[in-house]
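Protein sequence lines, in the order shown, are assigned to chains A and B.
Position 145 of the first sequence, counted from 1, bears residue number 145 in this note's numbering, the numbering being contiguous throughout.
Position 133 of the second sequence, counted from 1, bears residue number 133 in this note's numbering, the numbering being contiguous throughout.
Some hints here could point you the wrong way.
As the list claims (entries may be wrong) - Covered stretches of chain A (chain B as the covering partner; in silico rule of three or more C-beta atoms under 8 Å from a C-beta of chain B): (1) 4 to 10; (2) 265 to 278; (3) 281 to 289.
Claimed, not checked - Label pairs and their computed distance ranges (CB to CB): (4) A:Leu-10 <-> B:Gly-171: 40 to 48 Å; (5) A:Ala-339 <-> B:Glu-183: 54 to 62 Å; (6) A:Ala-257 <-> B:Asn-15: 35 to 43 Å; (7) A:Ala-250 <-> B:Asn-15: 22 to 30 Å; (8) B:Gly-32 <-> A:Ala-339: 34 to 42 Å; (9) B:Arg-121 <-> A:Leu-18: 44 to 52 Å; (10) A:Val-335 <-> B:Gly-13: 54 to 62 Å.
Said to hold, decoys possible - Anything over 10 Å on all C-beta distances counts as not near chain A; from chain B, calculated: (11) Ser-8; (12) Asn-15; (13) Val-19; (14) Gly-32; (15) Ala-66; (16) Ala-80; (17) Asp-160; (18) Val-162; (19) Asp-167; (20) Asn-201.
Everything labelled a hint here was simulated from the structure, so no lab data went into it.
The beta carbon of each residue, even a glycine, is placed where N, CA and C say it ideally should be.
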Amino acid sequence: MIVLFVRSVLHRWFEIVLTSVVVAAVIATLTTQRALSSSTEAQVHGLAHKLGKNMLVVPKATNMSEFYAMDYGDVSMPDSSADIILNDPKLRTPISLIQSRLYGNIEPEGVSLVLVGEQTMKRGRIVDPFSSDKVTVGNAASEKLTLGSEDRLDVNGFELTVAGVTQKPPGGLDVGVFGSLDLAQDVLDRPEEINVMRLAGCWCRVDVPKLGMQVEDAVPDSRAVTIAGMLKAQKGTVETAKRYSKVTIAITIALIAAIVVGLIASQVRRQIRQIGLLLATGSPPWFVVFVFICKAAIIGVLGGVGGYLAGFPLTEDVAARMIGVSLPVPGGLLVPTVALAVVVSVVAAVIPAVLAARLDPTRVLREV
Amino acid sequence: MIRVDQASKQFPGKNGSPVTALSDVSLDIDSGEFVMIVGPSGSGKSTLLFTIGGMQHPSEGKVLFADDDVYSLSSTKRAALRRTRIGFVFQTFNLVPYLNCLDNVIVPAVLAGKSRGKSLRHATELLERLGLADRLKHRPSELSVGERQRVALCRSLINDPVVILADEPTGNLDEAMTGEVMEILRSLNADGQTILMATHNPQLAEQGTRLVTLDKGAVVQDESFATEVAVS
C-alpha cells in the first residue's frame with residue numbers, strides 16, 4: 001500500500017510541489033505578520049539603548065538590515081552634508097554635534113574588520129580625536145591580528161600605526177579600526193564620501209520626528225533614523241499587525257483550505273477511474289481517504305516549513321521598510337506555523353477525500 | 001456457489017418514475033461454470049454482474065455467495081469479499097497509468113494485505129502464462145489494447161478468486177484480440193475457474209458453458225451446454 005501511495009504521489013509530484021509553494025507564500029505572509037507583532041517592540045528597544053537620543057542620517061539607498069549586520073556596501077553621501085546642516089538656520093540650533101563617519105569593510109591578512117573614519121563637529125568646529133595616520137583598534141580586532149600599541153597594520157597598501165587598543169570601542173564595534181575621516185577616505189579610496197552622520201543635541205523640547213524630516217529635506221537623498229521615529233513606526237506597526245492578526249489568520253486558513261480543496265478535488269476528478277477500480281477491487285474506503293489526506297498533509301508540511309523559511313527574508317524586508325530595523329523570526333513560530341498549515345490542509349482535504357471514497361464504482365467503471 | 005434470489009433493481013429515472021434494471025432475477029451458479037450473460041444494451045447485464053459482485057445493492061432479493069448473504073454483510077466485509085473471492089475485468093481495462101504491468105497486477109493483492117515480494121512472483125507467473133513475459137515493466141500506455149486486457153485479466157486472477165466477473169471484456173477489442181482473450185478465458189475455465197461474462201456480442205454467446213439471456217432486466221433464457229462445449 002505504501003508503494004501504491006508513493007507512486008501516486010510521485011506521479012503528481014509537480015502539482016503537489018506547486019501547491020506547496022502557493023501554501024508557503026501564504027504561510028510566509030502569516031509568519032511575517034506574527035514576527036512583526038512579537039519581535040518589533042523588543043528589537044526597537046534594544047536599538048534604542050544603542051542609539052540613545054541620537055539621530056542617524058544615512059543615504060536613502062542604505063539597506064538598514066545590512067548596515068546593522070556590518071555590511072556597508074558602497075552607498076554614500078557627500079562629506080559636505082554636515083556643512084549643509086550647520087548652514088541651515090532651522091537645524092543649526094537644535095543640532096550641536098555632528099559625527100560624519102565612513103564605514104568600510106576591510107580584510108587585512110584575511111581577517112574581516114571594519115574601518116571607521118570619523119570627523120566630529122561640535123557647535124560648528126571640527127574636533128577630531130584622531131591624527132591623520134594613527135588608528136585605534138577594537139579589542140576583537142586586536143586579538144585577531146595580535147596588535148598592540150605602535151604596531152603597524154597594512155590595509156589596502158596603507159601602513160597604519162596603532163595608537164592603542166580600546167576595550168570600549170564606539171558603538172560596541174570591537175572589530176573596528178578607528179581613524180580620521182580623511183584617513184578612511186584614502187584607505188577605502190572613497191574621497192569626499194561618508195555613509196552615516198550621527199547627530200545629537202538637547203532635544204527635550206524638540207519634535208524629533210519632525211526634526212528628522214527637516215534633515216531629510218535639507219540633505220538630498222538622505223534618510224533620518226531616530227528612536228522617536230522608530231518608536232512611532234514600531235507602535236503603528238505593532239498596532240496594525242495586532243489589529244489585523246485575526247483577519248490575517250482567517251485569510252490564511254481560508255486561502256490554504258481553498259488551495260488544498262482545489263487540488264484534491266481536481267485529483268479526485270482526474271483519478272476517478274483509479275478510485276473506482278480501488279473500490280471495486282475491495283479497497284477499504286478509508287484507504288482512499290488516507291491517500292488524499294496524506295497528500296494534503298505533505299502539502300501542509302512542505303508549505304508550512306517552506307513558508308516559515310520564506311518568512312525570514314520577507315520579515316527582514318518588511319521590517320526594514322516599515323520601521324528601519326532588522327527583525328528576527330522567532331524560532332517558536334515554526335511549530336505552530338507548520339501545525340496550522342498541516343491541520344488546515346488535512347481538514348480541507350477531508351470532504352473531497354470522503355466524497356472520493358463514497359464514489360459509486362459501478363457508475364465510474366461502466367463509463368467507456 | 002452463487003445464488004441470485006429474486007433480485008430486482010430499480011434506479012430513479014429522469015422524470016421521477018423508476019427505471020427497472022433487474023426484474024426478479026434468480027440464478028444458481030455452480031463452481032466451474034462459464035456463464036455468458038447476453039442481451040441488448042440496457043438489458044441489465046452489467047447491473048447483474050455488479051449486483052453479484054457486491055457493488056450494487058439490489059432493491060429487492062438477495063445474493064448469496066457460498067452461504068453468505070452478500071448484502072447483509074457490512075461494507076467492510078463486502079469489500080473483503082470482493083478483494084479475496086472475486087476478480088473483476090472491465091471493458092475499459094482500468095489500469096493505473098503510472099504503474100507498470102507487474103504493479104498493476106498486484107494492486108488487489110496489496111489491498112488484501114499480501115506481501116509485495118510474493119505477489120510480484122505470482123504476478124510474474126500470471127503475466128508469463130498470458131504471454132506478457134516481455135512486458136512486465138511496461139506501462140499501460142506502452143501496450144496494445146489486447147495486452148492491456150490481458151494485464152487486467154492477470155489482475156483479476158492475482159488473489160486466486162472463486163469467480164471472475166467480466167463486464168464486456170472484449171468490447172474494446174478487434175476480432176483477433178477478442179479471439180485471444182476468449183481463448184484465455186476458456187483456458188482458465190478449463191482449469192476450473194468460474195467465470196461470469198457479460199457481452200452483447202452474440203457470436204461469443206456460445207463459447208461459455210451456459211447462456212443466460214436478459215431482456216429488460218429479466219431472464220428470458222437460461223441454457224446450459226457444458227457437455228457440448230467440453231466435447232468441442
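- List, from low to high, the hint numbers that the structure doesn't satisfy. Checked against the structure, the hints that fail are numbers 4, 7, 8, 9, 16 and 19, while the rest are satisfied.
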